[in-house]
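Protein sequences appear in the order of chains C and F. According to this note's numbering, the residues represented by the first sequence are 1 to 182, in order. According to this note's numbering, the residues represented by the second sequence are 183 to 622, in order.
None of these hints come from the bench; they were simulated from the model. Treat the hints with caution; some may be incorrect.
Quick list of in silico lysine-lysine cross-link-like pairs, DSS-like style, CA-CA up to 27 Å [what the hints assert, rightly or not]:
#1 F:K427 x F:K588
#2 F:K536 x F:K588
#3 F:K588 x F:K603
#4 F:K427 x F:K604
#5 C:K62 x F:K603
#6 C:K90 x F:K588
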Amino acid sequence: MTEPTRRDFLYIATGAMGAVGVAGVAWPLINQMNPDAATLAAGAPVEVDVSSVEPGQQIVVKWRGKPHFVRHLTEAEIKAAKDLPAGDQKDPAPADQRLGGPEGEGDGSEAWTVVAANCTHLGCVPTMVNGSIEGWSCPCHGSIFDVAGRILSGPAPVNLPLPPYVFASEEVLVIGSDTAGA
Amino acid sequence: MSGGHSSYQPTSGIGKWMDARLPLPRLLYDSFVSYPVPRNLNTWYTFGGILALMLVSQIVTGIVLAMHYIPQVDQAFESVHLIRRDVNGGNILQIWHAVGASMFFVAVYVHIFRGLYYGSYKAPREVLWILGVIIYLLMMATAFMGYVLPWGQMSLWGATVITGFFSAIPLVGEGLQEFLLGGYAVGQPTLNRFFSLHYLLPFMIAGVVILHVWALHVTGQTNPTGIDVKSGQDTVAFTPYATIKDAFALVVFFILFAYFIFYLPDYLGHADNYIQADSLKTPAHIVPEWYFLPFYAILRAVTFNIGIPFTDIVLIDSKLGGVLAMFGSIAILAFLPWLDTSRVRSANYRPLYKQFFWLFVIVCIILGYLGSRPAEGWYVIFSQIFTFWYFAHFLIILPVLGLIEKPLPMPASITEAVLAKKGGAASTPDGAAAAPETKS
Chain C
1 MTEPTRRDFL YIATGAMGAV GVAGVAWPLI NQMNPDAATL AAGAPVEVDV
51 SSVEPGQQIV VKWRGKPHFV RHLTEAEIKA AKDLPAGDQK DPAPADQRLG
101 GPEGEGDGSE AWTVVAANCT HLGCVPTMVN GSIEGWSCPC HGSIFDVAGR
151 ILSGPAPVNL PLPPYVFASE EVLVIGSDTA GA
Chain F
183 MSGGHSSYQP TSGIGKWMDA RLPLPRLLYD SFVSYPVPRN LNTWYTFGGI
233 LALMLVSQIV TGIVLAMHYI PQVDQAFESV HLIRRDVNGG NILQIWHAVG
283 ASMFFVAVYV HIFRGLYYGS YKAPREVLWI LGVIIYLLMM ATAFMGYVLP
333 WGQMSLWGAT VITGFFSAIP LVGEGLQEFL LGGYAVGQPT LNRFFSLHYL
383 LPFMIAGVVI LHVWALHVTG QTNPTGIDVK SGQDTVAFTP YATIKDAFAL
433 VVFFILFAYF IFYLPDYLGH ADNYIQADSL KTPAHIVPEW YFLPFYAILR
483 AVTFNIGIPF TDIVLIDSKL GGVLAMFGSI AILAFLPWLD TSRVRSANYR
533 PLYKQFFWLF VIVCIILGYL GSRPAEGWYV IFSQIFTFWY FAHFLIILPV
583 LGLIEKPLPM PASITEAVLA KKGGAASTPD GAAAAPETKS
């Protein structure tokens, strides 16, 4: 090995600057694929009137282009959610973390399930089933979720995610923000 | 493209002038006229040519369709149906392209299984084989993105499921998925970019096909005996022998193709894709196109987390596990030249491998069937069993077979094998003529 010369240093420095330049030119060509400003702006919170949703009913609310389940639980469903043993859950979470509702309503504050409706496996929308189980079943790959959106079986690794949400009043649900003033 | 000497003799003045400047006619002559091919190639060896024409067919119909298609979420679905109703000849063109995708995969699967049966991936053809795997991957990407463009229910939910694979990657997955989709969910940016890429990828396939053919012409073709060409007697000229044989097979294949276009135009499609995409409602039973079904079954077979036994520590959750198994089932093909330890190429002389080959074909077909079924009950359990077999074929059976199998006696040359088969007066020194010539 001969001693590196000043010329070697210049070659490497030139090559390195060239690589930085190529990366700088390539970046906008790659970054253009990320969500654009309009898409990001459309991610603002949405308000929904839920006064007509009776216990046992659910509506689907679109936020950020994705469906979200808003389900008003019946007494029996609340009880089933609370009694579900942790051993039956793949991603254990107590019912009170999963359920919500308007403030100061007593039991009413646990009468709602608000979850992202895309299966955590590969994003299909599960359908409600009332039969041997109470909850959602994903038609794509067979994942089963309970009425609080917790994964019971199938390939989905975690529970249906909870979006940030808040009941601004008894009738109005805000999805996309968890502070009442928003 | 041929490695050896050239026998091209330009006769005309223009021919000589061109040959001294850009010897393109010489390249074509050496590659497709005088190029020597083994004299015993059978029908299974015609699918390479069929595939080349299928690529041309897809590119030509695709360019024409792009003149009428609108990549916009409110209009895409309708524009495809207007192509079928209003565009002159559009009902044939759209179906030609859609059925063509299926026929392309029919041909590629025959081509791949032919390679598996005759050991076409073995030295010195590893690079040729790997280029083929790359073409296959590009075909899958192209077909997937093309299926999204009509913007039906299966388009949207197929796109959601397949881009969901990337969200399984730890840490960067969610961001990567949003990067690919251009949003939080499959939408306008997704459709737009898939249209752009669907137009680009076939030309990339064409580029890799040129490398594939180049690599083929360096090593020469395999043949049903799997033994190397030893003399000029073992070969015939590409033209007319291979060209006519390829052309005949092509005509037969295109009769099948035309039958589907004219008599079963929507048979290979899915009814749900004739409903416009709805991001709030997943079809009750979502399946990919038939050519992806075996991989879909493998994806769904992993319903369990993989962790450290007797602890709650999860190393690979079921989602990532399924995605890894699915990509692994394709990636493993690239390692096949080194997984198969037998030096004998052709299954005709490998009595055990021949049986395991056909078992593997059956396993792939069963996986395809399971992929079309709902993911519940026994279907899941059988998917797991056959997924295990799929991987065991490559990781256990092939390495072990090469060590324990006793190959049958091989003929001394291709010529000898051909003459023995014809019952002619071949010089048959030893028991070589007893080699079975069971056709697959």
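**Prompt:** For which of the previously enumerated hints does the structure constitute a violation, in increasing order of number?
**Reply:** Numbers 1, 5 and 6 - these are the hints that the structure violates, sorted from lowest upward.
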